[in-house]
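Protein chains: 2
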Amino acid sequence: MTRALELGPGAEFDAIRALVERWGPRATGIGDDAAVLRIARGEALVASVDSFVEGQHFKRDWMSPREIGYKAVVAALSDLAAMAATPLGVLVAFTVPHSWRSVLLDLADGIGDAVELAGAHVVGGNLIDGGELSITTTVLGCAFAPLPRAGARAGDGVYVTGELGGPASAVERLANGRPADAFRERFVKPAPRLAEARWLAEQGAHAAIDISDGLVADLRHIAAASNVSIQIDAAAVPCLRGVAVEVALTGGEEYELVVTSPLDFDRDEFTRRFNVPLTKVGVVGAAGTGVTVRGARVADAPGYDHFST
Amino acid sequence: MTRALELGPGAEFDAIRALVERWGPRATGIGDDAAVLRIARGEALVASVDSFVEGQHFKRDWMSPREIGYKAVVAALSDLAAMAATPLGVLVAFTVPHSWRSVLLDLADGIGDAVELAGAHVVGGNLIDGGELSITTTVLGCAFAPLPRAGARAGDGVYVTGELGGPASAVERLANGRPADAFRERFVKPAPRLAEARWLAEQGAHAAIDISDGLVADLRHIAAASNVSIQIDAAAVPCLRGVAVEVALTGGEEYELVVTSPLDFDRDEFTRRFNVPLTKVGVVGAAGTGVTVRGARVADAPGYDHFST
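First to last, the protein sequences are chains X and H. Going by the numbering used here, the residue at position 196 of the first sequence is 196; the numbering climbs one at a time, nothing skipped. Going by the numbering used here, the residue at position 184 of the second sequence is 493; the numbering climbs one at a time, nothing skipped.
The shape of chain X in the complex, shown without the other chains:
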């Protein structure tokens, strides 16, 4: 993949064939050197890539293979949501160690769950052997007006979808050998806020980002890109039941959205449509002082920094 379906012998090609069969109608157009997609007139192509690696992003005994496949793709789709883009296709580059080969089709099921949820298709990929499981997902989407990080303006409100802190709380428990319980679902089954993002963009949002590093860390990206300051009110931050606000402010892998907007949204309408709360958590101020949090102490470091030792 982007390998032909009808190929000569070889374990690689057999494995690709098995993947494509497993995906069924959720995979399309695989079998040439590259995928071919049409972008509607006037729309821009929106593209992003994300890697999901054993030991870095998950431990094998914390998640089922199907959950791993799902989350790898959702993490990438979430970047399309952050741009208010509509997903078109997904390219999946697998590195699969010998010890994972027996569950390759379970990983595929999770990937299929994610593309189906997003209304997209697997349109290509790559499959190689290697020492650690790695799923690198490229997402291709389209949007008339992609929602940037750089659009926040002084006076905007800051809004967040969902309730925060679940994934970080799950990781904290799992790392200590305890069951993640109520937090597990948010950790293994995050939802890409794709339809939510398009609605927020249509309603006039100025800027957006998805929470992958942590609410405060990701708002710093908006502040830097937009050259504004942002003030967050800790008391307003929507915490999942049982989560301390510091965890909700800093926990990563949420894949919830934060947007800024000059006008308040009809938040009841949002919840009716998407069955998810939308909460105002702060305001955008003048240039230059980054993100400040009123009512809680938050360390300077970003929530996640995969490239640190």
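Hint data in this document are derived by calculation from the structure and do not stem from the laboratory. Just so you know, even glycine gets a beta-carbon here, dropped at the ideal spot from N, CA and C. One or more of the hints may lead you astray.
Stated by the list, open to error - Covered by chain H, according to a simulated footprint, are these stretches of chain X (three or more residues, beta-carbon under 8 Å):
#1 25-33
#2 36-42
#3 48-61
#4 122-129
Claimed, not checked - Quick partial rundown of chain X residues pointing at chain H, CB under 10 Å, derived from the structure:
#5 89
#6 95
#7 148
Following the hints, complete the assembly by docking chain H onto the known chain X.
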């Protein structure tokens, strides 16, 4: 990347900043959740992904970091060439072990060489820590009429660009601890045949593939996708000086093109334009018998099978 240029603290962000600075004008639009690209009206988006992994595709003492970065991207660009597409942007997902960090910018230089040669830009990526160096490149391009594998028809001639066998001969020597000498250049500095492919498509080529697995193995993909047989004349296959024809028929990582066409090309004109030979090596026959080679013995197995033990 698709990470912001202006970010909070953290080694990951510092490394991304350093990469983007190193690329200079060869990187554009990095700093949002996703890249935004425009496809010209009437053109299709053509997309492919390819992974280049230490131990699988290269050994560290065989190539310089700059050569590794270059080849990783050229291998992916070659899939766009096989579709006769014009490159627009490249997304680069790095997994970088600690032992490779000091040469990250050398890898970046090679990636920059490749995108510059292709007239494209780095438009996004991902950077994480990991146990083995891996560069997964997504290439995004456009074409009015992408050239498929499935277009070969009985009666077409089969044409190949360049002279074959260099990369396989280099690998054979390096694996035996000998210098690759004259074969080295073809192994470390393959050229993506992008302009050549567009010219061949304009001149009426029916089908194309790039030689990544080996001439015969890749022609099998065309035969299967097009439901035709293909006869190759070993005596006609253009071999690099000092290469046995069996090696030219089966060696991978060539990144030369094979196309089929109902009419012969002006091959002198091709060589004048691109300074590369274009050679007729065989013909397309009726359905059903795969690829046969007259005048040489070629094993059944594909040239490369990364997923075999």
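Determine which of the earlier numbered hints do not hold for this structure and return their numbers in increasing order.
none
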